[in-house]
Structures are given as C-alpha cells and as structure tokens.
Amino acid sequence: MAPKPIASPVPEAWYPTLSFVMLAIGLIITASFFIYEATSSRRNRSLAKELLTGAVASVFLGFGSLFLLLSSGVYV
Amino acid sequence: MGSRLDLFLLTIAILLGTVLSDLILSKVDRRVDLRSQIVRVTSTLKVENDGTNSVLEVLLAFPDNHVKHLAYLAVTPKEGKGKSKDSANSFPMELVHPKDMPPALTFYSVSLPKPLAKGDSLTFDVLAVFTHALRPFPEQITQADIQLLVFQESAHFLSPYAVKVQSLSIKLPDARIESYTKLENTKIHGSEIKYGPYESLPPFSYSPIVVHYESKQPFAVAQELVREIEISHWGNVQVTEHYNLNHGGAQIKGEFSRLDYQARPHVRSASAFRNLVARLPPRARSVYYRDEIGNISTSHLWGDSKKTELEIEPRYPMFGGWRTSFTIGYSLPLHDFLFQSEEKRFLNITFGCPINDVVIDTLIVKVVLPEGSSDISVSTPFPVKQLQETKISHLDVAGRPVVVLEKSNVVPEHNQYFQVYYKFNSLALLREPLMLISGFFFLFVACIVYMHADLSISKSSASYLAKLQWDEVQASVQQVQSIISRCLSIHDKLEASLRDLSRTGDVQSCKAARKAADASLKELIKELKPLLTFLQSSQQASQILPKVEDLVAKEKDMQDRLLAKHSTVVDCYEKKYGGKEIENRVAQQQQKINALRQEVDDLLDFVDEI
Numbered sequence: 001m002a003p004k005p006i007a008s009p010v011p012e013a014w015y016p017t018l019s020f021v022m023l024a025i026g027l028i029i030t031a032s033f034f035i036y037e038a039t040s041s042r043r044n045r046s047l048a049k050e051l052l053t054g055a056v057a058s059v060f061l062g063f064g065s066l067f068l069l070l071s072s073g074v075y076v
Numbered sequence: 001m002g003s004r005l006d007l008f009l010l011t012i013a014i015l016l017g018t019v020l021s022d023l024i025l026s027k028v029d030r031r032v033d034l035r036s037q038i039v040r041v042t043s044t045l046k047v048e049n050d051g052t053n054s055v056l057e058v059l060l061a062f063p064d065n066h067v068k069h070l071a072y073l074a075v076t077p078k079e080g081k082g083k084s085k086d087s088a089n090s091f092p093m094e095l096v097h098p099k100d101m102p103p104a105l106t107f108y109s110v111s112l113p114k115p116l117a118k119g120d121s122l123t124f125d126v127l128a129v130f131t132h133a134l135r136p137f138p139e140q141i142t143q144a145d146i147q148l149l150v151f152q153e154s155a156h157f158l159s160p161y162a163v164k165v166q167s168l169s170i171k172l173p174d175a176r177i178e179s180y181t182k183l184e185n186t187k188i189h190g191s192e193i194k195y196g197p198y199e200s201l202p203p204f205s206y207s208p209i210v211v212h213y214e215s216k217q218p219f220a221v222a223q224e225l226v227r228e229i230e231i232s233h234w235g236n237v238q239v240t241e242h243y244n245l246n247h248g249g250a251q252i253k254g255e256f257s258r259l260d261y262q263a264r265p266h267v268r269s270a271s272a273f274r275n276l277v278a279r280l281p282p283r284a285r286s287v288y289y290r291d292e293i294g295n296i297s298t299s300h301l302w303g304d305s306k307k308t309e310l311e312i313e314p315r316y317p318m319f320g321g322w323r324t325s326f327t328i329g330y331s332l333p334l335h336d337f338l339f340q341s342e343e344k345r346f347l348n349i350t351f352g353c354p355i356n357d358v359v360i361d362t363l364i365v366k367v368v369l370p371e372g373s374s375d376i377s378v379s380t381p382f383p384v385k386q387l388q389e390t391k392i393s394h395l396d397v398a399g400r401p402v403v404v405l406e407k408s409n410v411v412p413e414h415n416q417y418f419q420v421y422y423k424f425n426s427l428a429l430l431r432e433p434l435m436l437i438s439g440f441f442f443l444f445v446a447c448i449v450y451m452h453a454d455l456s457i458s459k460s461s462a463s464y465l466a467k468l469q470w471d472e473v474q475a476s477v478q479q480v481q482s483i484i485s486r487c488l489s490i491h492d493k494l495e496a497s498l499r500d501l502s503r504t505g506d507v508q509s510c511k512a513a514r515k516a517a518d519a520s521l522k523e524l525i526k527e528l529k530p531l532l533t534f535l536q537s538s539q540q541a542s543q544i545l546p547k548v549e550d551l552v553a554k555e556k557d558m559q560d561r562l563l564a565k566h567s568t569v570v571d572c573y574e575k576k577y578g579g580k581e582i583e584n585r586v587a588q589q590q591q592k593i594n595a596l597r598q599e600v601d602d603l604l605d606f607v608d609e610i
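The listed protein sequences derive, respectively, from chains B and G. Take the first sequence: its position 17, counting from 1, is numbered 17 in the UniProt record's numbering, and each next residue is one higher. Take the second sequence: its position 41, counting from 1, is numbered 41 in the UniProt record's numbering, and each next residue is one higher.
Worth flagging that the hints you see were computed from the coordinates, not collected in a lab. These numbers were taken from a predicted model, which means no experiment stands behind them. Be a bit skeptical, because a hint or two may be false.
[As the list claims (entries may be wrong)] Far from chain G by the CB rule (all over 10 Å, computed), these chain B residues: (1) Pro-16; (2) Thr-17; (3) Phe-20; (4) Val-21; (5) Ile-25; (6) Ile-28; (7) Ile-35.
[Unchecked claim] Quick list of in silico lysine-lysine cross-link-like pairs, PhoX-like style, CA-CA up to 20 Å: (8) G:Lys-529 / B:Lys-4; (9) G:Lys-547 / G:Lys-529; (10) G:Lys-423 / G:Lys-511; (11) G:Lys-575 / G:Lys-554; (12) G:Lys-423 / B:Lys-4; (13) G:Lys-515 / G:Lys-526.
[As the list claims (entries may be wrong)] Covered stretches of chain B, going by a simulated chain G footprint (3 or more residues, C-beta under 8 Å): (14) 4–13; (15) 42–49; (16) 56–69.
Cβ atoms here follow ideal geometry from the backbone N, Cα and C, with glycine treated the same way.
All chains, full assembly: derive it from the sequences and hints.
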C-alpha cells in the first residue's frame with residue numbers, strides 16, 4: 001500500500017469562520033446561562049437546566065477557542 | 001607534517017608492498033572541488049581483479065588527519081552522468097581495521113554488489129566530503145585583506161592497491177592562485193590545476209602537494225544547530241531552527257571600519273559575508289527570523305511552487321572569527337510531510353539545514369510528536385545518535401514524546417530525507433478540545449456552586465432571616481406569575497377555539513376545548529391558593545401583596561368574563577344565530593376583556609420588575 005498523505009480533519013481555511021461562529025454561539029449561550037442565574041430565584045432554579053446550559057456553552061466555547069488558537073497559528 | 005607522513009608511509013609501503021595485490025586500480029581519476037569552504041573529492045576508480053579468487057570488498061584508505069575532517073563518504077556505481085549522484089543505490093560500507101596495515105591510516109571497506117571475478121573490472125565513484133580541511137594562511141587578516149587558504153593533498157592516490165594510471169584535478173574559485181606545488185606533469189588551466197597522469201605507482205604512494213589560493217567564499221560554520229520539528233495533526237508541521245553561527249575563515253585583526261565596509265564592500269571587505277540564503281520547502285508560511293533581541297527585519301522571502309527562498313542578513317556583516325546566533329522558524333502544510341502507511345504514520349522530512357553551504361559542527365534534530373504517540377521508530381540514511389525525551393507544550397498533560405537525533409560534522413550532502421514512524425489514534429486528536437471544554441465547564445460549575453451555596457456567616461442574624469424570607473416571597477411571586485401566564489395561555493386557547501368555531505361551526509370540539517380549559521383553570525386556582533395565603537401571612541410581602549392580589553383579582557374577573565363570553569357564543573351557535581348578532585351580543589364583553597388583558601399585562605410587567 002502506497003503511503004497516503006495525512007491532512008487535518010477540518011480544512012484549515014475554515015478555522016477563522018468556525019472559530020467566529022462557535023464562539024458567537026457559545027457566548028450567546030453563556031449569556032443566557034448568566035441571565036438565568038441572575039434572574040431566577042434560588043428556590044425555582046433547576047440544577048439540570050443550569051448544567052445543561054453550561055455544558056452546551058462549554059462545548060461551543062471549547063471548540064471555538066481551539067479553532068481560534070489554530071487560526072492564529074498556535075497549533076496545539 | 002605532510003612530508004613526515006610521506007616518509008613514514010613510504011617506509012611501510014616498502015614493507016607491505018604486496019599485501020593486497022589481488023586487486024589493482026587500473027584507472028583513478030580524482031577531482032577536488034575547492035570552490036566553497038567544503039572540500040569535495042570525487043574519485044572515479046576502475047577496479048580490476050588481477051588475482052585468482054573473486055573479490056567482494058574493496059578497501060579505501062584515508063590518512064588519519066584527513067579522516068577527522070571527513071563528513072560524508074558515499075560510493076556509487078558509475079552509470080553515466082547524472083545517475084551517479086543517487087544515494088539510493090550506493091554501496092554499503094563500514095569502518096574496518098585490517099591487520100598488517102600502517103597505523104596512521106583509516107580504512108573503509110566497500111562491499112561490491114556482486115563478486116568481482118578474475119579479470120573483471122568495475123568502475124565506481126567515491127564522493128568524500130571534508131570540512132575544516134582548508135586552513136586560512138595567514139590566519140589573521142585585516143578588513144581590507146583577501147582571505148588566502150591552504151589546501152593539502154597527495155598528488156598520488158593513497159590506496160592499498162597498485163594504481164596503473166591516475167590523475168588529479170583541483171578546481172579553485174575564480175581568483176588569484178598564490179602558489180602551488182609543481183611536480184612533473186603539472187598543468188594549470190585558468191582556475192584548474194591538473195596533476196598527472198602518473199603511471200604504475202606502487203601501493204601507498206604518497207606525494208604531498210600544497211595549494212595556496214585566494215577565496216572570497218563565505219565560511220559559515222554553525223557550531224550548533226538545533227532544529228525542532230513539531231507535528232500537529234490539526235494541519236501543521238512547525239520547524240524552528242536555532243543557529244549558533246560563526247565565520248570560520250581567517251580571523252580579522254585590527255579594527256572594523258563601517259565606513260570602508262559601506263563604501264566598497266566587495267573590495268575592502270571581501271572576506272565578510274553579509275547574507276545567507278535558506279531554501280525552504282514549498283508552501284512554507286509564517287516564516288520568521290529573529291534573535292534574542294527580537295525580530296531582525298533584514299530578510300527577504302520569495303517562493304514558487306518548487307521552493308521558498310529566504311534571504312537573511314545577520315545584524316552585522318560577518319568577519320572571520322565573528323559569531324552570531326539567531327532563530328528562523330516556519331510552518332509547513334501537514335499533508336506534504338506526514339503519511340499513513342498501514343498501521344503507522346510517518347514523518348518524511350529532510351535532515352540537514354536549509355541554508356546553502358553551511359557546515360554544521362553539531363546538528364540536533366528534535367522531532368516533537370503529538371501527545372499520545374507510541375511505538376516510535378526512526379529510519380535515517382546514515383548513522384546518528386538517538387535519544388528520547390518529552391516536551392510539555394500547549395494543552396499537554398503527560399507531555400509530547402520527542403525524538404532527538406544528534407550528528408556532528410554535517411554538510412549539505414546530509415540533506416536527505418529521514419522518517420519517524422509512530423502510532424497515533426485519531427481520537428487522541430480530541431484531547432485538546434476536550435481539555436478546553438472541561439476548563440470552561442468547570443467555570444460554569446463553579447458559578448452554579450457559587451449561586452447555590454449559602455455563604456453567609458451568621459445564620460441567625462435578622463438581615464439574613466429577612467433575606468431568606470424575601471427569597472421565599474420572591475419565589476412565590478414568581479410562581480404566581482407563572483400561574484397567571486399559564487392562565488393567560490389557556491385564555492388564548494379558548495379564544496382560538498372560538499375562532500375555530502366561527503370557521504368550521506363545530507360546536508362539539510369547542511365544547512371539549514372549554515371542558516379541558518375549565519379543568520386546568522380549576523387546577524391553577526387551586527395551586528394559586530396556598531401561594532396567596534403565604535404572601536398574605538408574610539410581612540416582607542406587604543408591599544407587593546396589593547399588586548399581586550390586584551393581579552389575581554383582575555385575572556379572575558377576566559377569566560369569568562371570558563368564560564361567559566365563551567358560553568354565550570357557543571349558545572348562539574347552537575341556536576344558529578347569525579354572525580352579526582353574535583358579535584353584537586359579545587361586543588361589550590370583548591371590550592372589557594381587552595381592557596382587563598391590558599391591565600393584567602401591565603401588572604405582570606410591574607411585578608416582574610420587583
């Protein structure tokens with residue numbers, strides 16, 4: 001079998017766009033998380049909802065910041 | 001020194017005259033290239049078997065004082081021009097110490113591809129590359145002087161075999177020749193000196209010659225070069241090269257005049273070099289050139305589809321004995337250098353330094369593999385010292401495995417591809433994003449914990465209790481709010497059912513909707529009751545209570561009116577009244593409902609703000 005070149009799983013040209021979109025979504029979800037934290041009173045707050053929002057926001061922020069690092073030349 | 005060796009060798013030559021007389025060299029043609037600081041000796045040998053047994057090995061002899069400068073040695077078959085430089089089909093060779101041989105010589109044994117039978121002959125090329133073999137003489141010059149170099153060699157090919165016909169040609173740079181040893185049959189053509197042909201010389205013939213000539217070639221010697229090649233599977237191979245460079249030619253004495261240098265650089269400062277050209281692989285990007293102080297702006301970069309050329313100028317012109325250190329770095333696309341072969345991945349990249357005609361005393365190549373690589377093995381076309389270490393870089397936990405390859409005396413001939421094989425699971429690529437994600441997630445969890453934790457110190461103080469009560473009040477007000485908004489949505493549903501009725505005339509479904517609404521409204525009112533009693537009993541709620549009660553009352557009123565309107569409309573439909581008549585009957589109700597709805601919405605907003 002001839003050696004096959006290995007490339008990045010995501011085309012490198014997409015990194016800036018991906019990072020922008022994912023960070024934007026992540027920040028919006030983060031904002032909604034903090035709005036929920038600040039406005040709902042301690043008794044009616046649902047832990048599951050908080051954790052879920054936090055998890056989704058961190059997935060978007062995590063990938064967004066990864067692509068931000070990659071697009072700015074810090075290849076991790 | 002040369003003549004002493006000569007005398008010594010001559011003695012042993014007489015003693016050992018016929019040790020390896022099975023082979024003879026029927027023709028030896030040596031070409032020495034002195035046009036750069038690196039001495040390249042290409043010898044074309046025609047070996048003939050004169051004995052009875054077939055021969056598998058040919059010995060090459062080098063004097064010990066040459067061997068310590070020997071950087072590269074390759075033996076390739078002579079197959080016409082162009083093909084002979086291919087290193088893939090070179091003959092294997094090894095260092096040997098044959099018995100009964102003069103001690104001041106080092107021998108390499110070349111294994112022939114097929115045995116040489118009696119009477120057969122074979123022609124091959126021997127390329128020997130020497131570094132630091134040229135001695136500047138005088139050793140110290142002023143800025144205006146031109147560098148003179150001394151080269152020592154033997155006019156006769158030093159070999160354990162008898163040589164029938166031989167010749168030597170020395171190619172010098174296009175400049176003045178100060179002096180050269182004149183033997184019989186010495187000719188000079190422009191910048192080329194020819195010795196020979198000499199015929200029928202015994203083994204170990206040695207006849208020293210010395211050439212003293214002018215050279216303006218750069219003497220860039222990297223005392224140490226550390227190349228770090230870092231692989232990222234996110235699409236990048238980052239190469240960082242730390243140079244520790246000096247000018248290895250004649251030392252400069254006296255002072256350096258910048259004025260002279262600037263005014264007539266080629267006449268007054270011929271021995272200095274001002275720039276270096278690095279040939280980087282094609283598609284190199286993010287190229288930088290800096291030293292400890294910062295970026296060095298005197299560099300130029302241009303490229304095409306075959307190569308990228310980087311021309312760099314050190315911060316000052318380099319004169320003999322001067323040194324500088326700098327770093328260049330560049331990124332290369334991953335798919336040009338990393339390949340998958342069955343189970344393993346391998347990196348295929350050149351070993352040596354990209355700068356033209358640089359001699360490297362110690363070259364350290366570090367290949368930084370991604371975290372999680374295993375089963376690492378290296379394949380190099382020449383022997384190197386191997387080490388392994390780990391490096392902690394961005395977003396690493398255990399550190400990345402690093403393969404360290406060390407080689408001394410490296411010349412451009414060593415710029416060959418080498419391979420680093422390793423195993424890597426593609427899922428390990430998600431390590432870095434998972435670390436970032438968990439980092440952010442911990443932040444959120446910390447926020448949640450902070451918001452849920454009760455951090456007050458005094459659990460019995462009045463203000464703390466008041467705060468607790470106020471929390472409860474807030475919670476119940478919010479619940480009331482949510483119940484009211486649910487009521488309002490039920491109202492909307494009822495209105496929708498009325499609209500459906502006017503469109504389809506289906507009284508039954510409208511009645512069913514009404515029934516469902518009645519049930520849920522009842523439920524909601526039941527839920528509302530304890531909340532209201534709590535608010536009434538709570539002191540903290542005294543301010544907000546009137547509003548809440550008002551809200552509940554208004555909602556109740558609106559609910560009653562809506563239900564009444566609903567019954568009326570349904571009634572009218574059952575009695576088959578006309579649309580106009582129905583509208584007349586409920587018009588007043590509708591007006592009041594609309595007004596109440598407005599008030600309820602206002603009150604909701606008001607309560608929300610509290």
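Hints, one by one, checked against the model:
With a least CB separation of 13 Å from chain G, Pro-16 of chain B remains clear of the 10 Å interface cut-off, as annotated. The beta carbon of Thr-17 of chain B sits about 15 Å from the closest Cβ of chain G, which is more than 10 Å, so the claim that it is off the interface holds. Distance check for Phe-20 of chain B against chain G: the nearest CB is about 16 Å away, which clears 10 Å, and the non-interface claim stands. No beta-carbon of chain G comes within 10 Å of the beta-carbon of Val-21 of chain B; the shortest separation is about 15 Å.
Non-interface status of Ile-25 of chain B relative to chain G is upheld: no Cβ of that chain comes within 10 Å, the nearest being about 13 Å off. Residue placement check: Ile-28 of chain B keeps its beta carbon more than 10 Å from all beta carbons of chain G (closest about 14 Å). Interface exclusion of Ile-35 of chain B from chain G stands, the closest Cβ pair being 12 Å apart, more than 10 Å. For a cut-off of 20 Å, the pair hint linking Lys-529 of chain G to Lys-4 of chain B is broken: about 73 Å separates their Cα positions.
A C-alpha spacing of about 16 Å is found between Lys-547 of chain G and Lys-529 of chain G, which places the hinted pair at or below 20 Å, so the restraint holds. For the hint linking Lys-423 of chain G to Lys-511 of chain G, the alpha-carbon distance of about 71 Å lies beyond 20 Å, and the restraint is violated. Between Lys-575 of chain G and Lys-554 of chain G the CA atoms are separated by roughly 31 Å; this puts the pair beyond 20 Å, and the hint is violated. Between the alpha carbons of Lys-423 of chain G and Lys-4 of chain B the distance comes to roughly 15 Å, so the proposed pair stays at or under 20 Å and holds.
A C-alpha spacing of about 17 Å is found between Lys-515 of chain G and Lys-526 of chain G, which places the hinted pair at or below 20 Å, so the restraint holds. Chain G is given as covering the segment 4–13 of chain B, and this holds because 8 residues of the stretch bring a CB closer than 8 Å to a CB of that chain, at least three being needed. Under the rule that three or more residues need a Cβ within less than 8 Å of chain G, the assignment of the segment 42–49 of chain B holds, with 5 such residues. Under the rule that three or more residues need a Cβ within less than 8 Å of chain G, the assignment of the segment 56–69 of chain B holds, with 9 such residues.
The structure is inconsistent with the numbered hints 8, 10, 11, although it conforms to all the rest.
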